[in-house]
Every structure is written in C-alpha cells, then in structure tokens.
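Enquirer: Listed in order, the protein sequences are those of chains H, B and W.
In terms of my numbering, the first sequence has 1193 at position 87, counting the first letter as 1, and numbering is strictly consecutive.
In terms of my numbering, the second sequence has 1148 at position 42, counting the first letter as 1, and numbering is strictly consecutive.
In terms of my numbering, the third sequence has 1356 at position 250, counting the first letter as 1, and numbering is strictly consecutive.
It is possible that part of the hints are untrue.
Same chains, same label: a pair holds when it works inside one copy or across any pair of copies.
To be verified - Once the Cα atoms are required to be at most 27 Å apart in a straight line, the calculated BS3-like pairs of lysine-lysine come out as:
id : residue 1 : residue 2
1  : K1144     : K1163
2  : K1404     : K1279
3  : K1113     : K1144
4  : K1113     : K1453
5  : K1279     : K1301
No lab work stands behind these hints, which were simulated from the structure alone.
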Amino acid sequence: MEYPLPKSFSLAEIVGRLGGELIGDAGIQVRQVATLEKATPDTIAFLANERYLGQLKITRAGAVIVGEQLRASLDMPHIVAANPYAYFARVSALLNPLPAVAAGLHPSAIIHPRAIIGSGVHVGPNVVVEDGAAIAADCRIGAGSYVGAGATIGEGSLLHPNVTVYHGCILGKRAVVHAGAVIGADGFGIAMDEKRWLKVPQIGRVVIGDDVEIGANTTIDRGAIDDTIIEDGVKLDNQIQVAHNVHIGAHTAIAACVGIAGSSRIGRYCRIGGASGIAGHLTIADHVEISAHTLVTKSVREAGTYTGAYPFDTNRNWRRSAASLRNLGELTDRVRLLEQQLQQGKKGKS
Amino acid sequence: MEYPLPKSFSLAEIVGRLGGELIGDAGIQVRQVATLEKATPDTIAFLANERYLGQLKITRAGAVIVGEQLRASLDMPHIVAANPYAYFARVSALLNPLPAVAAGLHPSAIIHPRAIIGSGVHVGPNVVVEDGAAIAADCRIGAGSYVGAGATIGEGSLLHPNVTVYHGCILGKRAVVHAGAVIGADGFGIAMDEKRWLKVPQIGRVVIGDDVEIGANTTIDRGAIDDTIIEDGVKLDNQIQVAHNVHIGAHTAIAACVGIAGSSRIGRYCRIGGASGIAGHLTIADHVEISAHTLVTKSVREAGTYTGAYPFDTNRNWRRSAASLRNLGELTDRVRLLEQQLQQGKKGKS
Amino acid sequence: MEYPLPKSFSLAEIVGRLGGELIGDAGIQVRQVATLEKATPDTIAFLANERYLGQLKITRAGAVIVGEQLRASLDMPHIVAANPYAYFARVSALLNPLPAVAAGLHPSAIIHPRAIIGSGVHVGPNVVVEDGAAIAADCRIGAGSYVGAGATIGEGSLLHPNVTVYHGCILGKRAVVHAGAVIGADGFGIAMDEKRWLKVPQIGRVVIGDDVEIGANTTIDRGAIDDTIIEDGVKLDNQIQVAHNVHIGAHTAIAACVGIAGSSRIGRYCRIGGASGIAGHLTIADHVEISAHTLVTKSVREAGTYTGAYPFDTNRNWRRSAASLRNLGELTDRVRLLEQQLQQGKKGKS
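Next comes chain H alone, as it looks inside the complex:
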C-alpha cells in the first residue's frame, strides 16, 4: 500500500460535498481531522460529547464541527451538523481515503484454477484461494489469508492479512474483516456416548450480509445443520465468539470479547457491551442494549437496557458484601421473621 500525502480541503469544499452549515471563514484549509486537545490550525476537530466543552475554548483547530446548540456561539469557524459525530466520520473519510492498491494477483498467491476472481481484485502475497471459491470485483485480500473451497466474498470487500474463511461460507458486499478473524470453523457440537464425546458434523455455513465489519481475532462458527446468519450492517469488534446457528439482526453492533452461544437470535439495532454473553437458544428483541460484562440467561422480549455486572469496589468492601451475598437467602428469611414477630407483637399488644 502506498499512502498518499494528505490532500487539503477548504471548509467551503467540505460543506459543498457533505452538507452542514458553515459559520466563519470558508477559505480555511484543513488537511486532517484531530482531537480538540491535539488539534493544529490545519486540522478540523469536533465536539459530540459535552464532557469536552472545556477543550473547545482552548483548541487550536482551524475549524470545529458542532451540534445545533452551539451554533454561532463560537468565534472560530464551525460547521453545524445535526449529528456532529457522523459528520466528523464523513469528513475523516474524505480526508483519509483508503490508499489505492493496484489490482492483480501476487505471484506467490496460490489460486485454484477453478476459483473465480473478479475484475479489479487485489490478492496479496501468500494468499490461498481454494477450488470453486469466488472473489467478486474490487476486493482486496490481505497477505496470508485463506479462502476455502466454494466460499464467496462479495464485491468491494477487504480482508486484512491472515484471515481464514472456511469452505462454503458467504460474505456480502463491502465486508471489512480484520486480521486473525476465523469465519466458518466448526461449531462446538458434541454428543456424549458411552463415556466419550462424539463429534457432530457441522454441515451448515456462515452467511454474512452486506456492509458487515468483523474485528481482529473474532470467530464465527458455521452452522451445525442450518446456517449461522449475520445480517446487513452488523458491526463486530475484536475477539467476539459467535457460535453455530446464531442469527444476528441487521445493524446490531457488538463490542469486543462478547460470546454468543449456539442458536440464539439477536434482533436488529441491538448494542451489546464488551465481554457480555448471551446464553444459547434465546431470542433478543430489536433495539435491546446489553451492558458490559452481563450474562443474558433468558430471552429478552422488550427493547431497553439490561445489565448484570457485579459492582466493583475496594477489595475490603467487596469482601464484606460478597460474604454477605452468600447468605442473602438466609438474610431475607431473617427479615421475614422479624416482620412476622413485629406483626405478632403488635397484635399481642392490641
């Protein structure tokens, strides 16, 4: 990859392309995005979180992206956007296009003669593409990645280095898959039989929609019989485990280190916090938010936020509450007894 020198844009050009309302000198040139704290005059910063209001007063940024509530309250050039963080994402994408990569197959890549490679595809060094696999137009396949027999990678997808896609799995268009991700390994299907585990063949696939991003070292297992399904627009962070036959609804975002057990069905537009778990065979409704470190053990039928992390404390305080917690059932009984005694005492008196 060759990285181009960053090109600069005037604020006028930016609002011309991306909309928003510019207040201030339209001729200011910016070359890069920046945080308010580290901005220099040739950069554009943003404020999406009131926590950083203080930094707005001292930033050296050439311009800043803000929400409606700060319109015209600033001396510096600012762009007013309905959603400053999304606007910032667009500005950053404008200033930081993916470096161009020449189409072509690296001579060290090992591509089966019956694999199908679309136009404009870049296949990096040491990539292996097996029999019957299909890589659609304008994909980039990073060094050392593996695309198994009959697997399909949709148009415009980007596989970073050392990704493994097992046989028969399907990725949609514009997928981004980070290094070390494994798509389509066998689900954990075992049956106990005469004191030994029998392996249950995992004959389903992983089928992934369009515009899905998959983080580094995330694993998505193939289905046991039917397929594991990831719908359009799902965003998975790093080190997530998606078990066999899970179904994740469109536009759900899952933070790092989450594990989803077999056959659970997650709704659309859910947000699942880091290191949470979803037990197997559950259904989670649309628009459910799960807090970090929460284990969901029952289906969730209503949108809302659900939580189940132990509140951390100093070890000294924790020891006390944790010891009491072991006896909480008994404590509850003691309170019930006290209530009865007090009630009887009153009756006795009356």
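Starting from the structure of chain H, add chains B and W where the hints point.
Expert: Only chains B and W this time, still in chain H's reference frame:
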C-alpha cells in the same frame, strides 16, 4: 478439498450400519440430516429435546430419530435409539464424510529436511514444518500452518489453516485443531525485580492426548518448567485460554471464551460453561459442572454444579440491587441489631 | 531453530555470575531448573511460596534457591537470594538461552524493496514486509508474520509465527510478540447515521515502548485519531483486547482475556487480573491491582486492590442468593421500615 455429491442411504442401510430399531418403511432414502423445522422428504431429522415436540407434528422429514418414549407413537418412519442425539451424530457422520484429500506436500510448503512426514499425509500450501518435527501418517495440515522444531502431530490429525504449534509440543492421534489456534506459546511467567519485570523462561511443553479437538483462536500455553497437559478426549471450543502447567482431565468439555489460570488441575468429565474462569493453583474434581460466566476462586472437591453469574435485569432494577449490594454488609449488621432489639424487647416484657 | 544441548553450571559459577550467597558444596553441577516435586540431582529448584515448604524436605534437587528466612536451615546446598523467584528467573535464563538463529532472509519471504532490514535480522519463511517498513538489527520475524507498510520493529525484537502488525505501527526494542497477535487493526469506531453505521476511519497508530511482551492472539487496536500507547516494560498475556486510544503505563502487567475499552488510561505498575474489564474513558492510578473477572466502571484514583466478581457457590445456594439479589433493593426498604417500626414502638412505650 473436493466435496462429493451427498450419497443417499435407505433407512434399512442406516440401521444396518448403526443399530437402532426402525419402525416404518425401510426403503425410504435419505440424503442429508436436517432440523425438524427445515427438513424435506429426502432428509432425516431427530428429536432429542422435548422443547421441539411441536415441530415433530409438522415436519416434512422422510424419517426421524427418537428416544424410547416415542416408540410407535408416530405415523412417519422413525428410528428408536437409546441416545437420539448421539445416533444423529453417527448418521450425520455417515452422510457427511470428510472430503477426501490427496496425500502429498504442496510445492509451496517449506519442510525442513530433518522433519519426518508419515505416509498419506497432506501438507497444504505455505505450511512450515521445522527441524525435527514429526507428522504422523494420514494427517492433514492446513494452509499457512506452522509446526515448530521438534513438535509431534499424531496419526490422523487435522490442522485447519493458520494454526501455530510451537517447538517441542506434542499432539496425540486424531486431533482436530481449528484455524488461529496457538499451541505452546510462552506462559505468562514474570518476576518483579528492582521495578522491572524479568521474563521467566518457559521451558515446558504442551502435551495433548488422543481425540482432542481445539477450537478457533484458542491458546494453550507451554509449561513454565513442567508441561501443560491435556488428556484424551478433551473438547475445547473457540477462544479458550489455557495457561501454563494447567492439567485438564480426560473427556472434559469446555465452552468458548473460558480462561484457566496457571497450574490449575481440572478433573475428568467436567463441563465448563462459556466465559467462565478458573483461578490459578486450584483443583477441580471429576464430573464438576461450572455454569457460564462463573469465576471459580477455590478448589472444588465434590462433583456437582457450581455457579456465580450476576443475575441480569433491566438496568433500572439492576441499579437498585447493585447499589444495595454495596451496602449489604451493613444491611446484615442492621438486621442483626433488629433481631437483638426485638429479643431484648421480649425479655423486657417477660 | 536448533536447540543446543543444555550446558551444565556449577553452583560456584552461578553465584559468580548472578550473585546471591551459596551455602553448601560449590562444585555441584546443575544442568536445568526444576520444580521441587520433579527435581533430579542435576537440577536446581526454588522456593518462593511457603505453600511448597513440605516439598522442600523431600526434593531430590541438587540445590535450591531460597529466601533469607531459610538461610542455613537446610542440609542441601542452597543459594540465598533476596528475591528467590527473580533469582530463579535469572538462573533459568542462564541455563536456557534462546537457541541461536542464523541471520538471513528466508528465500520465501516477500520483502518490499523499500523496506529496511537491519544487520543480524532473521526473517522466516513466508514473512511479508511491506513498503517502508523497518526492522532493526537482531530482530527475528517468525514464519508467516506480516509487517505492514511503514511499520517499525525495534532492535532485538522477536515476533513469533503468524503475527500481524498493521501499517505505521511502532514496536520498541526487545519486544516479544506471540503467535496470532494483531497489532494495529482498526478501532471500533462507528457513528449511527440515518439508521446505518458509518465507519469512522482509524488514522492513529499503535506505539509500543521497549521491553514489552504481547501474548498469543492478543489484539491492540490503532487509535481513532491520536495513537494507542503502550509504555515500556508492559507485559500482556494472551487474548487481551486493547481498544483504540488506550494508554497503558510502564511496567503494568495484564493477565489473559482482559478487555480495555476505548480511551482509558491505565497507570504504571498496575496488575490486572484475568478476564477483567476496564470501561471506556476512565483513568486508573498507578499501582492499582484489579482482581480477576472485575468490571471497572469508574475511574480509580487511589492505589489499592479493587474487586467485583460474583462469589461462586453450589448452583443450589447460588439460586437462592441470586433470587434474593434481584429483590435486594426491596429488602433494604423492608429493613428500614422495621427499624422505623421498632423505633416508634419504643417511643410509644416510653
């Protein structure tokens, strides 16, 4: 890998090979296994969980595998088996044999002249096998995998692509190792000395028995001094961390995302739920079941089920219980005081 | 790698090189370190934990490393050291030097003509080094590893096989990076816009100091705008997730399976237990210890030990306490009411 067209079997052939009792038309042909829900007439389904009894009435499957309690209660052809899920596993293995792979070393594989490769071995593209490593007969080593100096892979093992086996580690017969697994990296051995961490060399190995399966991106560290041991028939799901000098007893099954800290010893036939943890230097008896998201902080001497996940709730309810939990020690004291006061009140009256 | 036959050292040679005080026969030769339990007469063991005092009486070791409190209390040869575990680490390093590896670039390695490779560097098979990357003197780059465009690997570093370093990332001197680690994948930056997630380009880098060790399958994301920073001497175990813009202070040690969310800042000399989590945008002071399975949800301003794991129990007992926990807020109210009633009862009497 070339995938054969699925061959069909008559029900008579199936019970002829696998046992069980057939009730219904022995000439029915099935080509694949299926879920009750999605079955077609050329498939065979199974019922191992009463939760799916309703689907049994409407399935289009050509036949179904059931337990004794449903014998002759169905109009459709059915095979009665003592353990329907295990029987299903055997049927699926019969209908879905691993695709044949020609023996041979891919020309891009880099195999040290002092490595020993058994007969019938398939070594995929870009595999690296170092000095003194030994790969026994009928193994398949997936593309991009690495077998370190002096490592040994037992007969009939299957390493999927991009597996790393460090020097000196030993895998038994019929191992299945999924992509991204790392066997034999250094354990986390550090000693604080004059405000800096010294590395403690990790000179043990990983020694793995027969019939072990290791999931995608699972890591098993080599021993610090003695070896890390995984006994026969252990089944490890994805993204598990096994620290140095852990010993896992035969036929134990561990779900995804579990972490086992250094030198702990897990018994035989244990089942450990997803994302659980075992602290270091503990002993877990045979036949122990650990629920998901449980941290085991003391040795477990008796078989049974152990649990320690925070019960999840709506965020609103959780906030209330979690806040109270911080004061639970104090609450316990208050209840004790109430009990004393009430006791004294009674004495005062009597 | 070729493994040398272990060389033996006399106890006199060991204290000559490493200090400590020898009591007993200085001519005893040892060839390897060992645990007390499995030691043979040609090995040296150590006692750093009183838990193993019983083994000291029956060990067959040729010599043992102990602390001051055991000076001259043993019949066998012993070396007295202020910090026996650190002394043991040094002895083990003396007896187990890294096997020598010849400098040179494996012919299968694919090294961009504009990459810079220092003297004495060993580049293994199938390694890919991209445009503008720099690998300083005496590094070893393991088979199948990937060093992205413009990335820098400091002097004397060791990358094990199948490591991925994304473009522009910087590793300091003497780094040790284990297999499957991914350094510099995109942070999880997404902005919701008109019911779809927009990707926020991740333009920062990962910048890692000297003497850092990174475990197998650990992932460290590049910064969203500014860099993700790992200071000198940080030790990361396996399967850790470090999100974008995290800053980890020098000499902090983190156990396996920990997740640190975006922009959090961890102090120096912290110790974080396995599978813990640090929520985003927090600050953790120096010398903080976090217990295993703890989720830190607020900044920690003072050194000390902090804990938040649910105490595990038999499933039967857990069910009882967990059910009560859901009603703990209500129980607290009931106790308050009892206190009021008792107080009023007393007032009524007086």
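Enquirer: Each of the hints needs a verdict: does it hold here or not?
Expert: Hint check results:
no.: 1; hint: K1144 - K1163; result: within (13 Å within a copy, 62 Å between copies)
no.: 2; hint: K1404 - K1279; result: neither (34 Å within a copy, 40 Å between copies)
no.: 3; hint: K1113 - K1144; result: within (20 Å within a copy, 54 Å between copies)
no.: 4; hint: K1113 - K1453; result: neither (85 Å within a copy, 81 Å between copies)
no.: 5; hint: K1279 - K1301; result: between (45 Å within a copy, 18 Å between copies)
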